[in-house]
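K.L.:
Produce the entire structure from the sequences given, and follow the hints as far as they go.
If you read the protein sequences in the order shown, they are chains A and B. FYI, the numbering used here numbers position 46 of the first sequence as 46, with every residue one higher than the one before it. FYI, the numbering used here numbers position 16 of the second sequence as 16, with every residue one higher than the one before it.
Everything labelled a hint here was simulated from the structure, so no lab data went into it. Every residue, glycine too, gets a C-beta built ideally from N, C-alpha and C. A few of these clues could be false.
Unchecked claim - The calculated DSS-like cross-link candidates involving lysine-lysine, where the alpha carbons are at most 27 Å apart (straight line), are:
#1 Lys-41/B with Lys-42/A
#2 Lys-56/A with Lys-71/A
#3 Lys-64/B with Lys-14/B
#4 Lys-20/B with Lys-55/B
#5 Lys-66/B with Lys-14/B
#6 Lys-66/B with Lys-42/A
#7 Lys-41/B with Lys-64/B
#8 Lys-41/B with Lys-14/B
#9 Lys-64/B with Lys-71/A
#10 Lys-55/B with Lys-66/B
#11 Lys-20/B with Lys-56/A
#12 Lys-66/B with Lys-68/A
#13 Lys-66/B with Lys-41/B
#14 Lys-55/B with Lys-41/B
#15 Lys-56/A with Lys-68/A
#16 Lys-20/B with Lys-64/B
#17 Lys-66/B with Lys-20/B
#18 Lys-41/B with Lys-71/A
Said to hold, decoys possible - Covered, in the sense of this in silico footprint (three residues per stretch, anywhere, with C-beta under 8 Å from a C-beta of chain A), are these stretches of chain B:
#19 39–47
#20 108–114
Claimed, not checked - Examples of chain A residues toward chain B, derived with CB under 7 Å:
#21 Tyr-32
#22 Arg-57
#23 Ala-100
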Amino acid sequence: GESVGLHLPTLSVQEGDNSIINCAYSNSASDYFIWYKQESGKGPQFIIDIRSNMDKRQGQRVTVLLNKTVKHLSLQIAATQPGDSAVYFCAGPMDTGRRALTFGSGTRLQVQP
Amino acid sequence: GAVVSQHPSRVICKSGTSVKIECRSLDFQATTMFWYRQFPKQSLMLMATSNEGSKATYEQGVEKDKFLINHASLTLSTLTVTSAHPEDSSFYICSATVLAGGPNEQFFGPGTRLTVL
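P.N.:
In structure tokens:
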């Protein structure tokens, strides 16, 4: 099955700075990855996904990079705002062909005003 | 976007009682719903996969007789925690998806905080 993990449990940044959250995965057969944002006491909120045949995808203020060679992906948030403070999870399919997700351990992003 | 609701949002019960949590897809028909559990400061862990009209598939280590799942319609799945104990206190989150939907088409509910006294 998939194993997805994060390098940093907590990331503190200044408002306006860029944030980078990292994630490693083990299953090279995963055909997509997803980043979620979870605020305290709420369910995960979809941010962006990336297919395994891509190495970069951009959204509004967010960019996800995928490096299949080292099985690593990252989420970059530009001009971080206080509202970005939350826990961020990377996730991938639990097994090939399954829709169920396995989640990384999460990174708490704290934005200092 | 598609909306998934959960009810109740939080529940406190006594040890030994049963608690039912509902997960509803409000504006779409969900062929599959998933139930996750999240302990404080930890990640989400899949408990079971629920397909409409069929028995749920439980992950290893999850007691199917303790966590009863019913997916009677395309818009409703229920999780019943039977004979709850304090160690069952957790944040239970469901997600719903459509057949052949993409990665961005798994929609999560707001979660249910269960506290067992």
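K.L.:
For a quick check of understanding: which of the numbered hints are violated here, in increasing order?
P.N.:
9, 11, 12, 14 and 22
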